[in-house]
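Asker: Residues per chain, in single letters:
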Amino acid sequence: MILPAFRLHRPTSIDEALIVAASCDNDFDYVGGGTDLLPNYKNRLNPRRNVIALWRVPDLHAMNGGSLGAMMRLVELERDPDVQRRWPGLIEAVEQVATPLVRQQATLGGNLLVETRCYYFNQSHDWRASKGYCMKADGDVCLVVPQKEVCYAVYSGDAAAVLLALDATFTIHGFEGEREVRARDFFQPDGIRRNVLRRGDILTSVRLPPEAESYRAGYLKLRLRDSYDFPDAGVAAAVKLDGGIVEDLQVVVNAVSMTPLIYSDITGPARGERLTPALIQDLAAAIAARIQPVRNVMFPPQYRKRMVGVLARRLLTRLTLPAR
Amino acid sequence: MSVVGKPAPLVDARAKVTGSGVYTDDIKLPGMLVGKILRSPLPHARILSIDTSRAEALPGVRAVVTGRESTVRFGVLPVSRDETAMAVERVIYIGDCVAGVAADEEEIALEAVRLIDVRYEPLKPILTIDDALEKTSTPIHDKTLDGTNIQKAVDQNFGDVDAAFASSAFVEKHEFRFAAVTHAFTEPHCVIAHHDHDGRLTVWSATQVPHYLHRALSEVLSMPMHRIRVIRPMVGGAFGGKSDPFPHEMIAALLSIRTKRPVKILFDREEVFITNHGRHPTRTLMAMGVSREGLITGLDLKSLIDGGAWGSFGVVTTYYNGVLCMGPYRVDNFRYSGRRVYTNKPPSGAMRGHGAVNSRFAMEVLVDILAEDAGIDPIDFRLRNLLPPMTKTINEFRITSNGTREGLEAVRGASGWNDLHGKLPYGEGIGVACGFYISGSALPIHWTKTPQSTVHIKIDSDGGITVHSLAAEIGQGSDTMLAQCVAEPLGVGLDRIRVFSSDSDTAPIDLGSYSSRVTFMAGNAALRAAEEIRKELVAAASVLTGQPAAGFVLLDEKLVYAPSPDITVSFMDALQEAIKDKGALVARGCYAAAPPMGGKFKGAAAGLSPSYTFQAYVARVGVDPETGFVTVRKMWAAHDCGRALNPLAVVGQIQGCVHMGLGQALTEDFRYNRGNILDANLLDYRTLTPRQMPPVEVFMIETNDPEGPFGAKEAGEGPILPVAPAVANAIYDAVGVRLKELPMTPDRILTALQDGRGGPGARPSRESSRREGKRAPRRPATVGS
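Quick mapping for you: the protein sequence lines, in order, are chains X and W. Read in order, the letters of the first sequence are residues -8 to 315 in the working numbering. Read in order, the letters of the second sequence are residues 109 to 893 in the working numbering.
Just so you know, the hints here were simulated from the structure itself, not pulled from any lab data. Keep in mind it's a predicted model, so treat the numbers as computed, not measured. Be aware that a few hints might be false.
In the DSS-like style, the derived pairs of lysine-lysine whose C-alpha atoms are separated by at most 25 angstroms in a straight line are [unchecked claim]:
#1 X:Lys33 - W:Lys136
#2 W:Lys500 - W:Lys708
#3 W:Lys232 - X:Lys122
Let's have the full structure, built from the sequences with the hints guiding it.
Answerer: Written as structure tokens, this is what we have:
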């Protein structure tokens, strides 16, 4: 399959990128590493006539204090001793993205904004023409849940779940200037709209609050092969303990819905408690009971649901073990 | 031996790993056009009309062809010629070829394909085996059986299975299900056809059967074979997936005949999946009995095989599903019923371990179950039931060398089996399985008196030795094997030898790389040709030294007079003497046919081979009982290769077989959604990653086959057979569940565990008394009820 024709723009600043975007008549995509966008273009999944590459914008590559540039390559994050020390939970998620080769190219921002996935969407144009188009590309119905009017494509990035758990904030530059959005408020339960970004918006950086470093965080991912595969489910957790007593606990379930799902209402009551095996088991079961995956990725829904419980229990158990 | 038996890097390895090797897509010819194929969006439909006018009017489009222009049927087997270059009246699977376009640029060709207007009348698609067994008014092909979509029925009966089961101590009968799997080779199909101004057609194609392609082109195009030249450039993997003459090869030729320009068709990955020809989805019902003494009494087997849209090798597949169960164990009573059906899906075909893999899985799991019934260790049980060497099976296979016993002993010792089986903690297990495969089909596909393999050798005064053969190097190392078989008798190193195996104009016929035939047949042909050359060199040495020719041995670039080893002649001096008055030495060797063998019954030829290979593997696994994930910790792999001509290549083939076999066992599943392939890309079609690949400890069992070249047999296919059942038997040892459906994915394993089967108490032989009486012998059991 060959790429459709598009015009490639390579601005060197955020302002220039916005100016280029404004001139593209709403027919453009930004591209980071391109490991997700370009395969989708080859499948003719909503290709645009203009692609604005952000490689040459130096500000997007920077790391300042708790702020990570959206164009940082995933391998850069993995290999950065400072990042490793401060947010090992984030590294655990990043290291499970795709393959080492893809992570050479893929960016942090790109992983956060990775296109949602579904068996009826991630197919060639011929395949979709044969099957019938879905509402996410060229059609107007959902082929997974036909009676619903929303797209159920699965959120499939890995880094976001940990960032939600650590209460990160995303910095966004748009036509109306700069704003910040909490990661927890960023994603939208709609497989097409996906998040709060408006046309022209650039996700420029990710800021982790100072308190994030006092949490233990981690990420476990369900996938058939321990390389290559997108998540069929994932669980991130961040816990702050004081002498074994929970000060704060956040659990995020990934890749079972259109967004990462945070369950503060379930984990909130654990504050002030000791994370005993029994409590962990109860929390994991309550979270698994809440999720409602549909049949649109490799593993069947019931299995994914069950595995969320297992992964949550295992992750919380690990995070409460004494530090090595 | 100075070359044979020594690890030799493949002769084309440097070109491949440095990127300088030339594959079909690397070839660019002046004036070359891009060919693209319009494919059917429907699984089954009548073509009402095709309007190509808008496509033909597009600037840059040079030709458009449709099915009506070529209605000659072809197919790799003469008994099932059911393909045409493009659909003529009906399309029969999603992706079926409808029209071909040649244009100046790829974008133009793609646009032209979109501009072809086809009107279809949809027909009811047949997508499952059960539907295909029903009677229908519109069978997918004519010549099906009894108004159904059954393409081939095989019924064989040897001895008396019912009586054998009636007198058995235990009879077990189980149903197994196998998903389709596909080859997932690296290089997509690619072809260039050039019909030149002299009326000659040259076809470069990624094929493992250049000779069958040559024949099919001749028939389809009504062009004599001598005006067609087939060239096989480097091939980036095939595994059986490039062993049919294909529609796209015919389409490229038709487009080139129209345009008189070279036309290249390169598939994208989705087209590779659509072209498939992978392992058949299969339902297997198998019953086996065992006596009080732990001897197999009989085997009753029924296979339902989903062939997809075309015949391909399916008639052979149908036989192989049965007859390749005739080793390595002695089975005195055997009944087989095989049915291959057509369905409206991409064609199934030949894939590494062709026809044998699925039945082998069923058989090895059943053997494990019966061993437990009989209270015998699974390795002891297998040893007790082995065919001896130099024997004949009930269906009259001639068994020569047989290294199963040595193989089983090797893996038993190395794996620590005796201390581990039935003794590992819950979640850890160890399992064993054997295998049995042909080393070359004894009879060729076409009725012909020409040899199966012929090899030519030429040596001129430069001292370089050129070897000409049409045996298809597809990455398995056949060029290196040919070089070794020539170098050894001539006493020279591999650097003197160049193998030319890609061009039908210069190479003598070889039937190609399928049925694991090349080492045995082309190797013997090369060896015989080299022996002719050797005679001439020895005669020259005799002239130069005055010593009798019979006394010379050739080694280290010298001809040494053995009775008096200080009398030597250099290879080059002998050569110059030998060519003095007559020019370059040329010689021919061939492998005509296997010795007469086989029974007189219908289908007796299926599975006949001049020799067979045998395997014995042990797998060690860990199973996470909470998630169902399996980690294969190690494989111990013993393969009777007769003799390892090139140990490096043999080990590589066995490692590759373990990788491919584990994929079918654990992750690979060629799934459909109403006729559409769900996973037609290498992200979603899940072959094993390097991280999941266990260490493989290889044991090359050298039985020195009496008829193989230097004693060698095949090593490319048989080693896949025990992989999946060894893992399944190890999973049972680990968590107590028997998986009877491939792939054994985590969700399936967990479902089995949740069903109440399995668990710590259900595993074998921890407390042997506990299981006694639990499993009452069920008999008689027959298959097919």
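Asker: Determine for every hint whether it applies to the structure shown.
Answerer: Right, here's what the structure says about each hint:
no., hint, result
1, X:Lys33 - W:Lys136, "holds (24 angstroms)"
2, W:Lys500 - W:Lys708, "holds (14 angstroms)"
3, W:Lys232 - X:Lys122, "holds (16 angstroms)"
Checked against the numbered hints given earlier, this structure breaks none of them.
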